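Protein chains: 2
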Amino acid sequence: MANRRLKRKTMELPISRTRGAAILVIGDEILSGRTQDTNTGYIARWLGQLGIPVREARVVADVEAEIVAAVRHLSARYDYVFTTGGIGPTHDDITADSMARAFGTAIDFHPTVFAALAARYAALNVGTFNEARQRMARIPYGASLIGNSLSGAPGFQIGNVFVMAGIPAVMQAMLEDVRKRLVASQALSSVTVSAFLGEGTIAAGLARLQKTYPDVPLGSYPFSREGKFGTSLVARGADAAKLGEVRVALIDLVRAAGGEPL
Amino acid sequence: MANRRLKRKTMELPISRTRGAAILVIGDEILSGRTQDTNTGYIARWLGQLGIPVREARVVADVEAEIVAAVRHLSARYDYVFTTGGIGPTHDDITADSMARAFGTAIDFHPTVFAALAARYAALNVGTFNEARQRMARIPYGASLIGNSLSGAPGFQIGNVFVMAGIPAVMQAMLEDVRKRLVASQALSSVTVSAFLGEGTIAAGLARLQKTYPDVPLGSYPFSREGKFGTSLVARGADAAKLGEVRVALIDLVRAAGGEPL
Numbered sequence: 001m002a003n004r005r006l007k008r009k010t011m012e013l014p015i016s017r018t019r020g021a022a023i024l025v026i027g028d029e030i031l032s033g034r035t036q037d038t039n040t041g042y043i044a045r046w047l048g049q050l051g052i053p054v055r056e057a058r059v060v061a062d063v064e065a066e067i068v069a070a071v072r073h074l075s076a077r078y079d080y081v082f083t084t085g086g087i088g089p090t091h092d093d094i095t096a097d098s099m100a101r102a103f104g105t106a107i108d109f110h111p112t113v114f115a116a117l118a119a120r121y122a123a124l125n126v127g128t129f130n131e132a133r134q135r136m137a138r139i140p141y142g143a144s145l146i147g148n149s150l151s152g153a154p155g156f157q158i159g160n161v162f163v164m165a166g167i168p169a170v171m172q173a174m175l176e177d178v179r180k181r182l183v184a185s186q187a188l189s190s191v192t193v194s195a196f197l198g199e200g201t202i203a204a205g206l207a208r209l210q211k212t213y214p215d216v217p218l219g220s221y222p223f224s225r226e227g228k229f230g231t232s233l234v235a236r237g238a239d240a241a242k243l244g245e246v247r248v249a250l251i252d253l254v255r256a257a258g259g260e261p262l
Numbered sequence: 001m002a003n004r005r006l007k008r009k010t011m012e013l014p015i016s017r018t019r020g021a022a023i024l025v026i027g028d029e030i031l032s033g034r035t036q037d038t039n040t041g042y043i044a045r046w047l048g049q050l051g052i053p054v055r056e057a058r059v060v061a062d063v064e065a066e067i068v069a070a071v072r073h074l075s076a077r078y079d080y081v082f083t084t085g086g087i088g089p090t091h092d093d094i095t096a097d098s099m100a101r102a103f104g105t106a107i108d109f110h111p112t113v114f115a116a117l118a119a120r121y122a123a124l125n126v127g128t129f130n131e132a133r134q135r136m137a138r139i140p141y142g143a144s145l146i147g148n149s150l151s152g153a154p155g156f157q158i159g160n161v162f163v164m165a166g167i168p169a170v171m172q173a174m175l176e177d178v179r180k181r182l183v184a185s186q187a188l189s190s191v192t193v194s195a196f197l198g199e200g201t202i203a204a205g206l207a208r209l210q211k212t213y214p215d216v217p218l219g220s221y222p223f224s225r226e227g228k229f230g231t232s233l234v235a236r237g238a239d240a241a242k243l244g245e246v247r248v249a250l251i252d253l254v255r256a257a258g259g260e261p262l
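Those protein sequences? They're chains S and P, same order as listed.
Residue numbers for the first sequence, in this note's numbering: 1 to 262.
Residue numbers for the second sequence, in this note's numbering: 1 to 262.
Keep in mind that the hints were calculated from the coordinates and are not lab data.
Check the hints yourself; a few may be wrong.
[Said to hold, decoys possible] Okay, the calculated bits of chain S under chain P, using three or more residues with CB under 8 Å as the criterion:
#, region
1, 32–44
2, 73–87
3, 219–226
[What the hints assert, rightly or not] Restricting the straight-line Cα-Cα distance to at most 20 Å, the calculated cross-link-like pairs of lysine to any residue (SDA-like) are:
#, chain 1, residue 1, chain 2, residue 2
4, S, LYS211, P, VAL63
5, S, LYS211, P, GLU64
6, P, LYS180, S, LEU188
7, P, LYS228, S, ALA122
8, P, LYS228, S, ALA123
9, S, LYS211, P, LYS228
[To be verified] Here are some chain P residues pointing at chain S (derived, C-beta under 10 Å):
#, residue
10, GLY33
11, ARG34
12, ILE43
13, GLY51
14, VAL54
15, GLU66
16, ASP92
17, ALA187
18, THR192
19, SER194
What you are looking at is a predicted structure, and each value in this text was computed from that prediction instead of being measured.
The beta carbon of each residue, even a glycine, is placed where N, CA and C say it ideally should be.
Using the sequences provided together with the hints, build the complete structure.
In structure tokens, the structure reads:
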């Protein structure tokens, strides 16, 4: 373990009220199509319940320059950035070092994390605490830890960036530790009205309805079910009363087009 | 139908030999977590078979400025860009107009597409060819069409950007029409060696192996199966002989660590 003993102070920026979040998925295995990313959808739904919309998502390779450029851009632009992947023990796990680079800070073994991981590997029959696993105790200066009830190795928060594991169950455990750090807005909810009608049949009416409710985003999503094509109309927002009105209007729209809500 | 009759000429750029591709997924429904994106993985695997690596993927909202900025950036940086979503008939389908804006070209109804769609709606019992559906015939000047054997409405290629539907089956049909336009490289393939060993147990050996084979990217991906943790070691490349060598080395690595390849 390194003998450097710089004093650690957390460098969390005052986090402003939400204008939204970005998700950054880090890993060659997603870009090759070998692994299907599901973290983006999970984080997006989880944030939606807190009223924090996801504005953008990116997937980058295990390449430091790519990670650094993406983190700097997203961190400057959005209230929060959530990253997944690249904090394990192997040579392609370069996320922690990349974050230190992105924020212009040093990185070293974190004494508390190092001790906790050493104790964990000594106590459990899960392998020796070798040099590779020690890498998981490397945390940038200025970061605060994100607990991980599943495997022990923590994530961390640096500035407005939450750095989490790529394994979905571990990432989800980390999110629970992140919740209290976020300034929640009103929860976003949605109403959906589906019918066996083509998108094109209701598009004009939907566009008119969007003009009537400019602050309630309306989406139209075609589907195929039981061999028939249909469309789901979705309205999103934080104002439940208004969403209720829109739902009635969507049902009227479907019926006026000769359909029946499913 | 518009009576403008500018002559259409395709504006395809000479496409250089691959340095790789980017994927741009367009749609609020992905960013809200309502819909699980699977197009990225499909396109990535499909391109991998052609030897074209995906370097980056992004998801942006149905917001013109976001789409335009992302397309311009990715189109300048990579050999190919593949977009999915936003070319349907509804008000939130703004991809075609955004592409025209990104490439600084005009957009109007494409006579051939308009006629084909009109004929299709007249012949099949799939609704009237109303104003909303006519929107699907809007194609930027300078674009060439991408056929769609499933639903009739085409995608298009503009510059090095392939603009495709969001519905997976339709997107996949369009990809088949894209294949002949791509300069394929040697197909990338991969070998995988999995074992019930922790990542940290084999990390040091894997890092050494990476140094021996610097041009064969090695990845390590933890998994949980039958209640046990394990690791898949993956090597990627176009050189089958070298991949064979690496596979043997990976098996040796696993056995030296006390594991047995699964």
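Each hint tested on the structure:
no., hint, result
1, 32–44, "holds (count 12)"
2, 73–87, "violated (count 0)"
3, 219–226, "holds (count 5)"
4, S:LYS211 / P:VAL63, "holds, 16 Å"
5, S:LYS211 / P:GLU64, "holds, 17 Å"
6, P:LYS180 / S:LEU188, "violated, 44 Å"
7, P:LYS228 / S:ALA122, "holds, 19 Å"
8, P:LYS228 / S:ALA123, "holds, 18 Å"
9, S:LYS211 / P:LYS228, "violated, 54 Å"
10, GLY33, "holds, 3 Å"
11, ARG34, "holds, 7 Å"
12, ILE43, "holds, 8 Å"
13, GLY51, "violated, 12 Å"
14, VAL54, "holds, 5 Å"
15, GLU66, "holds, 7 Å"
16, ASP92, "holds, 6 Å"
17, ALA187, "violated, 13 Å"
18, THR192, "holds, 9 Å"
19, SER194, "violated, 12 Å"
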